[in-house]
Amino acid sequence: MQRRLAIHPHRRFAKSSPPNAKPGREGAFFLTGVKTGLAVLALGGFGVRPPALAQEPPAPSLERGRELIRMVRQDCGSCHGLTLRGGLGPPLLPETLRDKPPVGLKYTILFGRPGTAMPPWQPFLSEAEADWIVTQLLRGFPEEPK
Amino acid sequence: MMRPRALLFGWWMLLVLLPSAWSGEPVLRGAGDLGVIIERGAGRILIVNTSGNSIIGRVDGLGDLSHASVVFSRDARYAYVFGRDGGLSKVDILRGALEKRIVQGGNSIGGAISQDGRLVAVANYEPGGLKVFAADTLEPVADIPATYGDGKLSKVVGIADLPGGRFIYSLFDADQIWIADLHDPKSPKVEKFNNIGRAPYDGLVTPDGRYYLAGLFGEDGIALLDTWQPQQGVKRILAHYGRGEEKLPVYKMPHLRGWAVAGHRVYLPAIGRHEVLVADVLDWKETARIAVRGQPVFVVARPDGRQVWVNFAFPDNGFVQVIDTLTGQIVQTLEPGKAVLHLEFTPRGENVWVSARDDNKVVIYDTARFAKLAELPAESPSGIFFTARAQRIGF
Numbered sequence: 001m002q003r004r005l006a007i008h009p010h011r012r013f014a015k016s017s018p019p020n021a022k023p024g025r026e027g028a029f030f031l032t033g034v035k036t037g038l039a040v041l042a043l044g045g046f047g048v049r050p051p052a053l054a055q056e057p058p059a060p061s062l063e064r065g066r067e068l069i070r071m072v073r074q075d076c077g078s079c080h081g082l083t084l085r086g087g088l089g090p091p092l093l094p095e096t097l098r099d100k101p102p103v104g105l106k107y108t109i110l111f112g113r114p115g116t117a118m119p120p121w122q123p124f125l126s127e128a129e130a131d132w133i134v135t136q137l138l139r140g141f142p143e144e145p146k
Numbered sequence: 001m002m003r004p005r006a007l008l009f010g011w012w013m014l015l016v017l018l019p020s021a022w023s024g025e026p027v028l029r030g031a032g033d034l035g036v037i038i039e040r041g042a043g044r045i046l047i048v049n050t051s052g053n054s055i056i057g058r059v060d061g062l063g064d065l066s067h068a069s070v071v072f073s074r075d076a077r078y079a080y081v082f083g084r085d086g087g088l089s090k091v092d093i094l095r096g097a098l099e100k101r102i103v104q105g106g107n108s109i110g111g112a113i114s115q116d117g118r119l120v121a122v123a124n125y126e127p128g129g130l131k132v133f134a135a136d137t138l139e140p141v142a143d144i145p146a147t148y149g150d151g152k153l154s155k156v157v158g159i160a161d162l163p164g165g166r167f168i169y170s171l172f173d174a175d176q177i178w179i180a181d182l183h184d185p186k187s188p189k190v191e192k193f194n195n196i197g198r199a200p201y202d203g204l205v206t207p208d209g210r211y212y213l214a215g216l217f218g219e220d221g222i223a224l225l226d227t228w229q230p231q232q233g234v235k236r237i238l239a240h241y242g243r244g245e246e247k248l249p250v251y252k253m254p255h256l257r258g259w260a261v262a263g264h265r266v267y268l269p270a271i272g273r274h275e276v277l278v279a280d281v282l283d284w285k286e287t288a289r290i291a292v293r294g295q296p297v298f299v300v301a302r303p304d305g306r307q308v309w310v311n312f313a314f315p316d317n318g319f320v321q322v323i324d325t326l327t328g329q330i331v332q333t334l335e336p337g338k339a340v341l342h343l344e345f346t347p348r349g350e351n352v353w354v355s356a357r358d359d360n361k362v363v364i365y366d367t368a369r370f371a372k373l374a375e376l377p378a379e380s381p382s383g384i385f386f387t388a389r390a391q392r393i394g395f
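In the order they appear, the protein sequences are chains A and B. In this text, residue positions in the first sequence follow the working numbering: the first is 1, and each later residue adds one. In this text, residue positions in the second sequence follow the working numbering: the first is 1, and each later residue adds one.
It should be emphasised that the hints constitute simulated quantities derived from the structure, not laboratory data. All C-beta atoms, glycine included, are put in the ideal place defined by N, C-alpha and C. Do not rely on the hints blindly, as some may be mistaken.
As the list claims (entries may be wrong) - Listed next, the in silico BS3-like pairs over lysine-lysine satisfying Cα-Cα at most 30 Å (straight line):
#, chain 1, residue 1, chain 2, residue 2
1, B, K152, B, K235
2, A, K100, B, K189
3, B, K338, B, K361
4, B, K252, A, K100
5, B, K186, B, K152
6, B, K372, B, K361
7, A, K100, B, K247
8, B, K192, B, K252
9, B, K285, B, K192
Claimed, not checked - Over 10 Å on every C-beta distance to chain B, these chain A residues come out as not near it, computed from the model:
#, residue
10, A59
11, L62
12, G65
13, L68
14, I69
15, R70
16, L82
17, R85
18, R98
19, E127
20, A128
21, L138
22, G140
23, P142
Please take these sequences and the hints and turn them into a complete structure.
See below:
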């Protein structure tokens, strides 16, 4: 927890920590998080955009995919809007996300954005699932099947 | 296989009911036991009857209702539905018909109706500000952009009506509370209160119309304004309720409304803590905090104030807990269904209706015995609004 705070020294509001964080998994995530976080900061500082995700992230199972679509539409949607056109949170449409590095989007999903209302979703998502969500968001997020 | 008798009954119902529905001839009835339920994904509302625990109509074509709220005309005949897409729809709930619909903004969150019932005000995220319309025609009456700093527009949250033809609301991005006086709608006057606390996310007016409370997302505490003595300015209550401890993540913003008040106490959701905060409305000092299942979203007093019902943010959104206001203890934990989004009491509180979004149903409970009375099918139901709101201050 302490180390993660160090990535984000400019917290405006709340410190947040995921409930029921699994120590083993979190630790593994966390190391990647630090490296990537630093990489993003460094690149950001020099105005260089990191490359988009090189390869297609693995698709979740059909059932899990449905759960993830529902989660994004409904639960992310409670701030970003069911249509993802924005609400208290910003829009999550391809045209609004296109200029942001995908890896930064992934870590925003997993670890939240300190100083804002964006919470960390890492207790409910694997890193691969977050990658998949980012890819779908950049493409135009799928609708829930009726 | 349908039994012949049932079939016969079905035909009989069709013969009796359809002609009146087709001709648009309304059945003579009052609206005091009616209400509407938002079907979130379908852009539709259900018109319901709380005496019969039944759905009596459906109205389509209301746009994006992913975050919708409703106020009622003072005769309780018309529902004004505020949609996420900036839509404002006026629905005649007696005829079950969409009377008029306008798209007045890009992204809106809620609204209120004036004390005299003549004005409907909409709080907008995009473009940030307040827009006011004539309740009968939905013609625009006033536009009050929520301008702050060097010309930026703030998202507007926590709108409530105040006596005297006024509306009070908070500016999420500007840390301000504004009172718009529309007594003379042609020249609205705006009174602004600055530095009320960081990131107000919602607000409420106490049932007597006197106090406005804005919940703060950006810091621990609640901003309080005595609208009878606004010159005293905004005070902070329940400051530092988090005691400097790390906040838990908030997966859904709590909502505030006037029914947080039960007797002489107010019950409010903590932010980033699984607690309901209790303060005395006489001195606004904290009297208790009650540990609950998750991050509270709605904390709603039964109309008599004997119980307070609480629902929760993801991932605890399958639960509803009931606080006994006499003992301050949780007396019941219910699991109405998946993703409970809202609950609404019947006017005198004998029943409560609970929407379970992911189970596509609304569950009705007897509040004295916690017995389930009925389940109504609804497509991703969210907000439930009964016409008793028409007679309350602060809506």
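Verification of the hints:
1. K152(B) / K235(B): Roughly 26 Å between the alpha carbons, so the hint for K152(B) and K235(B) holds.
2. K100(A) / K189(B): Distance ~42 Å between K100(A) and K189(B) Cα, so the pair is violated.
3. K338(B) / K361(B): Given pair K338(B), K361(B) holds - Cα atoms ~9 Å apart, limit 30 Å.
4. K252(B) / K100(A): Holds - the C-alpha atoms of K100(A) and K252(B) are around 24 Å apart, at most 30 Å.
5. K186(B) / K152(B): holds (24 Å)
6. K372(B) / K361(B): Judged against 30 Å, a Cα distance of about 13 Å means the pair holds.
7. K100(A) / K247(B): holds (28 Å)
8. K192(B) / K252(B): Roughly 28 Å between the alpha carbons, so the hint for K192(B) and K252(B) holds.
9. K285(B) / K192(B): holds (25 Å)
10. A59: It holds; A59(A) is separated from chain B by about 23 Å at its closest Cβ, greater than 10 Å.
11. L62: The assertion about L62(A) holds, with a minimum of 18 Å to chain B.
12. G65: holds (16 Å)
13. L68: Correct as stated: the minimum Cβ-Cβ distance to chain B is 14 Å, above 10 Å.
14. I69: holds (12 Å)
15. R70: violated (8 Å)
16. L82: violated (3 Å)
17. R85: violated (7 Å)
18. R98: Given that every Cβ of chain B is farther than 10 Å from that of R98(A), nearest at about 20 Å, it holds.
19. E127: holds (18 Å)
20. A128: holds (20 Å)
21. L138: holds (21 Å)
22. G140: holds (17 Å)
23. P142: holds (14 Å)
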